[in-house]
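Visitor: The whole structure should be built from the sequences, with the hints applied where relevant.
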Amino acid sequence: MALFKLEKKAPKGPAGRWDVIVTEDMCKACGFCLGVCPVDVFAWRKVPNRLGWFPMYVAHEGNCIGCMLCYQVCPDFCIDVSPKAAAAAGVN
Amino acid sequence: MLATDLGVKETLVAPWMDWAARYTQGRRLLEAGTYALTEGAIAAGCRVFAGYPITPATDIAEYMSKRLPQVGGYYVQCEDELAGMHACAGASLGGLKAMTATSGPGYTLMHDAYGWAITNEIPLVVVDAMRVGPISGITGAPGQGEFYIARYASHGGNFETIVLSPASVQEAFWLTVDAFNLAERFRTPVTILTDQVISDMWEDLFIPDDYGALDFVVPRKHNLAMPFYPVGSDALDVPPNVVGHGTGVCVSAYTHTEEGYDIEEMEAQWAQTYRLVNKIRHHRDQLARYETLGLEDADVIAVAYGANARTVKTGVLETRRRGVRAGFVRLITLWPFLDELFERDCRYLVCELNYDGQLVREVTRAAPDKRKVHFMGKSAELHTVAEVVAGLSGIAAAGRIPELPYIWTEVR
Amino acid sequence: MNRLAKKYLRPSQIPTKACHGCGIGMIENWLLQALDELDLKQEDVIFGTGIGCVGRQTFATWGGDNFGATHGRALAVATGLKLAQPDKKYLIVVGDGDAASIGTSHLIHAARRNLGVTVICEDNMGYESTGGQFSPTTPAGYVTNSSPYGMVEPGFDPCDVVMAAGATFVAETTATQWHQTVKVVRKALQNDGFSFVHVRFPCNENFGAYALGTRDTVKNLEWIYEHTQGRKTDGSETDFAWETGVKRDASNSRPEFSRLLRDMNARVRADMAAKAQAKAS
Numbered sequence: 001m002a003l004f005k006l007e008k009k010a011p012k013g014p015a016g017r018w019d020v021i022v023t024e025d026m027c028k029a030c031g032f033c034l035g036v037c038p039v040d041v042f043a044w045r046k047v048p049n050r051l052g053w054f055p056m057y058v059a060h061e062g063n064c065i066g067c068m069l070c071y072q073v074c075p076d077f078c079i080d081v082s083p084k085a086a087a088a089a090g091v092n
Numbered sequence: 001m002l003a004t005d006l007g008v009k010e011t012l013v014a015p016w017m018d019w020a021a022r023y024t025q026g027r028r029l030l031e032a033g034t035y036a037l038t039e040g041a042i043a044a045g046c047r048v049f050a051g052y053p054i055t056p057a058t059d060i061a062e063y064m065s066k067r068l069p070q071v072g073g074y075y076v077q078c079e080d081e082l083a084g085m086h087a088c089a090g091a092s093l094g095g096l097k098a099m100t101a102t103s104g105p106g107y108t109l110m111h112d113a114y115g116w117a118i119t120n121e122i123p124l125v126v127v128d129a130m131r132v133g134p135i136s137g138i139t140g141a142p143g144q145g146e147f148y149i150a151r152y153a154s155h156g157g158n159f160e161t162i163v164l165s166p167a168s169v170q171e172a173f174w175l176t177v178d179a180f181n182l183a184e185r186f187r188t189p190v191t192i193l194t195d196q197v198i199s200d201m202w203e204d205l206f207i208p209d210d211y212g213a214l215d216f217v218v219p220r221k222h223n224l225a226m227p228f229y230p231v232g233s234d235a236l237d238v239p240p241n242v243v244g245h246g247t248g249v250c251v252s253a254y255t256h257t258e259e260g261y262d263i264e265e266m267e268a269q270w271a272q273t274y275r276l277v278n279k280i281r282h283h284r285d286q287l288a289r290y291e292t293l294g295l296e297d298a299d300v301i302a303v304a305y306g307a308n309a310r311t312v313k314t315g316v317l318e319t320r321r322r323g324v325r326a327g328f329v330r331l332i333t334l335w336p337f338l339d340e341l342f343e344r345d346c347r348y349l350v351c352e353l354n355y356d357g358q359l360v361r362e363v364t365r366a367a368p369d370k371r372k373v374h375f376m377g378k379s380a381e382l383h384t385v386a387e388v389v390a391g392l393s394g395i396a397a398a399g400r401i402p403e404l405p406y407i408w409t410e411v412r
Numbered sequence: 001m002n003r004l005a006k007k008y009l010r011p012s013q014i015p016t017k018a019c020h021g022c023g024i025g026m027i028e029n030w031l032l033q034a035l036d037e038l039d040l041k042q043e044d045v046i047f048g049t050g051i052g053c054v055g056r057q058t059f060a061t062w063g064g065d066n067f068g069a070t071h072g073r074a075l076a077v078a079t080g081l082k083l084a085q086p087d088k089k090y091l092i093v094v095g096d097g098d099a100a101s102i103g104t105s106h107l108i109h110a111a112r113r114n115l116g117v118t119v120i121c122e123d124n125m126g127y128e129s130t131g132g133q134f135s136p137t138t139p140a141g142y143v144t145n146s147s148p149y150g151m152v153e154p155g156f157d158p159c160d161v162v163m164a165a166g167a168t169f170v171a172e173t174t175a176t177q178w179h180q181t182v183k184v185v186r187k188a189l190q191n192d193g194f195s196f197v198h199v200r201f202p203c204n205e206n207f208g209a210y211a212l213g214t215r216d217t218v219k220n221l222e223w224i225y226e227h228t229q230g231r232k233t234d235g236s237e238t239d240f241a242w243e244t245g246v247k248r249d250a251s252n253s254r255p256e257f258s259r260l261l262r263d264m265n266a267r268v269r270a271d272m273a274a275k276a277q278a279k280a281s
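Chains as they are written, first to last, in the working numbering: chain A, 1 to 92; chain W, 1 to 412; chain C, 1 to 281.
Hints are all accurate, no fakes.
Counterexamples of contact, computed for chain W against chain C with all Cβ distances above 10 Å:
| # | residue |
| --- | --- |
| 1 | TRP202 |
| 2 | PRO336 |
| 3 | VAL385 |
No farther apart than 27 Å at their CA atoms in a straight line, the calculated lysine-lysine pairs in the DSS-like style are these:
| # | chain 1 | residue 1 | chain 2 | residue 2 |
| --- | --- | --- | --- | --- |
| 4 | A | LYS5 | C | LYS219 |
| 5 | C | LYS279 | W | LYS66 |
| 6 | C | LYS7 | A | LYS84 |
Partial pick of chain C residues on the chain W-facing surface, computed with a CB cut under 7 Å:
| # | residue |
| --- | --- |
| 7 | GLY64 |
| 8 | ASN66 |
| 9 | GLY68 |
| 10 | VAL77 |
Everything labelled a hint here was simulated from the structure, so no lab data went into it. Heads up, the beta-carbon is just placed ideally off N, CA and C, and yes, glycines get one too.
Guide: This is the structure:
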């Protein structure tokens with residue numbers, strides 16, 4: 001079984017309840033978050049950041065199921081994933 | 001005979017003249033130089049010794065292993081001198097005064113750590129009890145082969161160093177306290193260059209009773225705010241940085257900013273070097289320690305430091321008694337080199353315990369006429385009074401040192 | 001930005017100077033999680049690093065007190081520092097060059113003394129900062145910048161070295177075992193003694209380029225994953241596999257080094273007081 005998933009699945013479970021932030025100015029475009037994510041959240045920017053890389057950005061935040069794999073794998077401290085305030089308060 | 005009998009002026013410039021005059025309550029012992037160096041460190045507040053045993057500094061390690069637990073300090077016998085010096089630097093970073101002691105073979109292993117302490121402005125004292133070389137040489141014989149190494153105690157340039165050398169057991173005690181004080185005030189490692197004779201010989205030693213009541217000891221203070229490294233400034237008495245008080249200080253091997261993290265800009269290199277060099281160079285007046293004799297009318301001045309200065313001084317006095325106007329300079333501060341002691345335009349006889357000639361090169365550079373600087377090198381034994389008399393008399397009479405067995409006079 | 005980076009790191013120094021796709025930042029992320037889970041504050045922890053990729057890219061990222069020693073000597077500095085500041089947690093983050101090559105002597109003696117630090121040996125299997133020469137942890141036969149005909153020297157595992165020296169906590173993980181690494185570092189930090197955590201991670205620029213034939217970050221992390229599992233994506237066996245997990249957990253089973261010295265001091269001073277008492281009476 002591979003680490004990186006080329007095929008993204010449709011989101012199940014707690015999708016749409018997560019805030020996903022990528023600090024694009026810190027991204028070095030390694031591609032790990034996009035690769036490890038099981039659903040379709042990330043995409044590449046077409047414009048470089050101030051470090052000179054074409055960073056990742058959050059294209060479809062609503063698909064995030066909160067698996068936190070991207071948070072674990074990012075080598076540049078760019079990503080934060082946290083429950084949306086409403087979800088945390090128990091409102092679905 | 002005494003200098004006073006001969007009517008020559010004798011001066012000793014050192015801060016401990018005042019200390020010895022004011023602190024007269026204590027014990028008189030017959031002890032070795034290593035004992036004096038140890039007690040001087042304890043009196044100055046040293047609480048960590050990390051090193052590796054090596055002749056002739058082994059006794060310092062042994063005394064420290066006994067004394068430090070008695071005063072709440074720590075003795076660490078490290079796996080090598082490299083680790084020892086680094087551990088001392090670490091302990092000093094954590095807020096404890098630290099010292100290590102070694103000889104030539106260990107001193108050369110400390111150069112990496114020495115540079116780390118210099119660049120991060122960490123106060124430390126390093127005793128190098130020199131012996132004849134190269135390398136292990138003769139284990140039980142004195143040498144003075146680390147004169148330049150102590151100045152250039154690490155690689156990369158862009159720094160100054162402070163190096164002191166005692167010539168008696170009593171002086172070793174006071175000078176060690178002075179070394180710790182300078183380390184604190186200048187935020188730098190200080191080398192005490194001693195030799196096998198001073199380390200191992202037994203002499204009269206006075207030790208003041210109450211170490212807690214010594215008002216001349218500079219206590220350890222902590223720098224708790226930015227700038228951690230006042231680059232671009234030559235200020236003294238900046239408290240040492242401390243790790244473990246949550247200040248966020250960075251300590252590293254690289255050229256660094258005021259905060260301490262690495263930076264690769266020319267401006268930063270300039271500012272850092274400005275501080276490391278000028279904090280010492282601009283305060284040379286506070287670092288001058290020396291002894292002189294008869295400089296007011298000398299035709300030939302003998303120059304020496306450390307153990308062999310003892311016999312050289314006697315030789316100078318004997319030569320005076322025989323009618324030659326001989327003078328004497330004993331360097332206590334070796335670095336920064338005291339150029340101002342060599343302004344007199346006369347002949348100089350540099351007596352060193354090495355054959356390759358090291359101190360003589362500095363004297364030649366500082367003296368007004370390089371053709372009038374002579375070298376009398378000897379290895380593994382101190383110069384005898386007779387040799388010194390013969391050298392001084394020969395120079396005064398004919399401008400050259402007579403042929404003497406095992407005395408080296410050539411410098412290229 | 002990663003919330004723990006905000007909590008613990010020095011903003012001017014992140015993202016690190018590491019190359020893109022390097023494992024150093026990933027591992028640091030997991031270290032922060034371990035610290036956070038143990039409720040440690042920035043002032044409770046001191047980072048010590050060395051020279052080389054791991055040392056350089058980790059140095060100064062920590063927002064609290066930290067030092068970057070000369071090559072291989074972080075543990076020697078820590079030996080002295082621990083005496084002066086015994087109550088802090090020490091994370092000594094060093095590479096395979098620092099720990100398993102130039103600094104092995106200090107590693108052995110710190111383990112022997114049971115110095116109370118946690119060594120995170122981040123191993124990219126070569127001297128990558130200087131361009132990719134082999135190191136004592138480079139796998140056998142691999143081509144590197146200084147083994148163009150394949151690595152002929154036998155290598156070793158620093159875990160074996162520290163275990164032989166008496167380390168009280170030894171564990172090994174890789175850069176694709178994030179949860180395991182966080183757990184293992186948590187355990188390591190709770191050992192009042194010498195803890196050694198060995199984490200293998202990918203280098204794309206040098207090891208990847210010369211030994212693995214590609215700088216593709218995804219392919220190189222996949223290579224780490226395969227050698228962690230022992231199986232390639234197509235199901236075949238890899239040429240070797242790393243044995244990961246906790247190798248020894250003897251946490252808190254023997255006294256920590258600075259405690260030994262403090263206890264000795266207490267004994268000596270009690271003795272002195274008793275003698276003075278006896279003399280007085």
